[in-house]
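Number of protein chains: 2
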Amino acid sequence: MPHTTPFGPTSTLNHASIGEFRTEAGAMMDEVTLGYHVFGAFRGELDGPNNVILIEHALTGSSDVADWWGELLGPGRALDTSRWCFICVNALGGCHGSTGPSSIASDGRAWGSRFPAVSIRDIVAAERRLLDKLGLEKVHAVIGGSMGGARALEWSLLYPEMMDAVCILAVSARASGWQIGIQCAQISAIERDINWHGGDYYDTDDYPLEGLCAARRIAHLTYRGEQEIDERFGSDANEGENPFGEFRDPTQRFAVNSYLEYQGIKLSERFDAGSYVALTEALNRHDIGRGRGGLNRALGRSTVPTMIIGVDTDILYPYHQQEHLSRNIGNFLGMAKIVSPVGHDAFLTETRQLDRIFRKFFKLSLPEPYSI
Amino acid sequence: MPHTTPFGPTSTLNHASIGEFRTEAGAMMDEVTLGYHVFGAFRGELDGPNNVILIEHALTGSSDVADWWGELLGPGRALDTSRWCFICVNALGGCHGSTGPSSIASDGRAWGSRFPAVSIRDIVAAERRLLDKLGLEKVHAVIGGSMGGARALEWSLLYPEMMDAVCILAVSARASGWQIGIQCAQISAIERDINWHGGDYYDTDDYPLEGLCAARRIAHLTYRGEQEIDERFGSDANEGENPFGEFRDPTQRFAVNSYLEYQGIKLSERFDAGSYVALTEALNRHDIGRGRGGLNRALGRSTVPTMIIGVDTDILYPYHQQEHLSRNIGNFLGMAKIVSPVGHDAFLTETRQLDRIFRKFFKLSLPEPYSI
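Protein chains in written order, with UniProt numbering: chain H, 1 to 372; chain V, 1 to 372.
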């Protein structure tokens, strides 16, 4: 049932302007708007204890949490909308309500290549500005996985006074060399597309579909466990096609190749290539140690009770990275391992395990008896 | 010291024509030449016990074993040229002496897109034809890693009567779904290059350099362990460049990105893009179960004593794939694990461990007292 909250109606996309914005690297944007969703009624005080949980979406996610953690969100569910008021903000640089490369700038043209390089800290700083705008000075907790985990972690380091706890899934303290390498391969696949036009394809009839599909194909193989991919597709031919012919023929595909091409097409229907580049670049720049004396010093100084979750088969953010976070975080609340053949995406798909983890997080993060 | 052997001079590239060749898929080639190297003097009988060891190179390797296992090859070394006569054949489809897409066909033009899709079995069948041509009916053993391991495994299944033992490193019984996916991403990166011209760029002034570099960048990240890449490069900026500027700029790179671009350029100097596609396609088709009643039946029927080696951090051919081989192979000689942060490429770089492994293989594969 839709509510009205001090932040706008629930379960629908809201917008708010945060005005000018200067990035960490020094670029100036004259006008930034952020899109966001609210789920559940607000209770408590805007500047004191309340029931707000900030949820941070991943790279190609959106503020509509029901879209990607839908089975976990609702009355009585782990992300219990009868108890909590969830707010999720579309990332700066994204394409689901927030200013990004495809947005129209004040001169009436798309930002395109004029959209600056944003960091995870920029994305978080913009969110903070949105909460200010909404009059919200405090939340109970911040939760996020993958890029959302990087955002949640930066939240806890930038604005520790604003939260009681943070829950971080399937991410690391900084982009690893391997991650930067595979992410640059994706960016490069898009930039090589002749329809990319240096990031300024918005004023043309072109769209860098092939480049985005190529990027997604690479990305998807890092999102999924290799044993899961093999169990599903093995070396099967795609139905009705023969990839074993006399000559190589791109139209005669293995099943896995057809699946990966489909993932690219599907992504292109809901996601802008410019935003894909912008947010992938933000992930390249993810490094909580920057300007804070290095990774472990930054982690050690963290004061927010932090729960850390990893996936045993994650290729992109291997479990040892979450172990590193857990060993070094200043205020360690707990750790959990999702056991799954799915790989990185298990932070989205392993609903039963996530249910238990989130319930445990809320229990650990609130003293008994629950005050909210 | 160069020798003359019945197969030609040692330590130099030799060529031999094997005439017509029909591929597994049914394509006909009117004339095939293979390039090969010989290391060490021949002893024994051409059709009986002798000291020949067939070495199988990997995807971008060549028949010049001194180039890639150089530290292991020589008098007194594990690949002991004072004791064994090593023969290594450039793969059909390659570009180092054997007929491949860049070779000139009988009509005076490059094969290009007319070069058929070859399988690992085709590559092995062509080698067998070369040995026939050289009058060699028997070898002591076949050794190979990665694509060379796939070739060695197929050798032992196609022509078990020709060898006493086989040693297979860092490979699987068939291409996994994940491998096909990541390999198709590489092929697609080349095919998307406008200079590819459908595989017929040889008659033009173009070369699909960008595509080959993009493919190599992806491949290299599967050849190397993520912890090794991170230890070497982390999120460091490339010297003299600033990847943290106000705007994303492809000329301002992370160190890892510069390194990966360099790997691509380096490869393009020694390897043809058409051969890269042809041999990657051969790897896609690698499946010892095809036409043999499935993987485990094919393995179970194998009669050649087989030693199997894996690398603990291999992303491309994870260790569980070598465990699968070991559990199911019909005549199991032994198993060894290379422990290394390097990942897949450890089968080339971990010289000390490889030294012990090969010495053990020769010991196990020959009854005492050594008769050779």
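If you are wondering where the hints come from, they were derived from the structure by calculation, not from laboratory data. Possibly wrong hints are sitting among the right ones.
[To be verified] Partner residues aside, some chain V positions facing chain H, computed with beta carbon under 10 Å: (1) T33; (2) P75; (3) W178; (4) G181; (5) D193; (6) H197; (7) G211; (8) G240; (9) A278.
[Unchecked claim] Covered stretches of chain V (chain H as the covering partner; in silico rule of three or more C-beta atoms under 8 Å from a C-beta of chain H): (10) 24–31; (11) 144–154; (12) 212–218.
Just so you know, these numbers come straight off a predicted model, no measurement behind them. The beta carbon of each residue, even a glycine, is placed where N, CA and C say it ideally should be.
Proposed interface contact between V:P75 and chain H, which counts if any beta carbon pair is under 10 Å: 39 Å, violated
Interface hint status, V:G211 versus chain H (Cβ within 10 Å): With a minimum Cβ separation of about 8 Å from chain H (threshold 10 Å), the hint on V:G211 holds.
Evaluation of the interface hint that places V:D193 against chain H, nearest CB under 10 Å: 8 Å, holds
Evaluation of the interface hint that places V:T33 against chain H, nearest CB under 10 Å: 20 Å, violated
V:G181 as chain H interface residue, shortest Cβ-Cβ below 10 Å: Constraint on V:G181 satisfied, holds at 5 Å.
Per-residue hint verdict: V:A278, partner chain H, C-beta under 10 Å: 8 Å, holds
Assertion that chain H covers the region 212–218 of chain V - criterion: three or more residues, beta-carbon distance below 8 Å: holds (count 3)
Chain H contact restraint for V:H197 - C-beta distance below 10 Å: Violated, because the Cβ-Cβ distance from V:H197 to chain H comes to roughly 14 Å (cut-off 10 Å).
Coverage assertion for the region 144–154 of chain V with respect to chain H, Cβ distance below 8 Å, three residues required: violated (count 0)
Status of the V:W178 interface restraint (C-beta, 10 Å, chain H): 4 Å, holds
V:G240 as an interface hint toward chain H, with CB separation required under 10 Å: 18 Å, violated
Coverage claim, chain H over the region 24–31 of chain V, checked by counting residues with Cβ within 8 Å (three needed): holds (count 3)
Checked against the numbered hints listed earlier, the structure breaks hints 1, 2, 6, 8 and 11; every other hint is satisfied.
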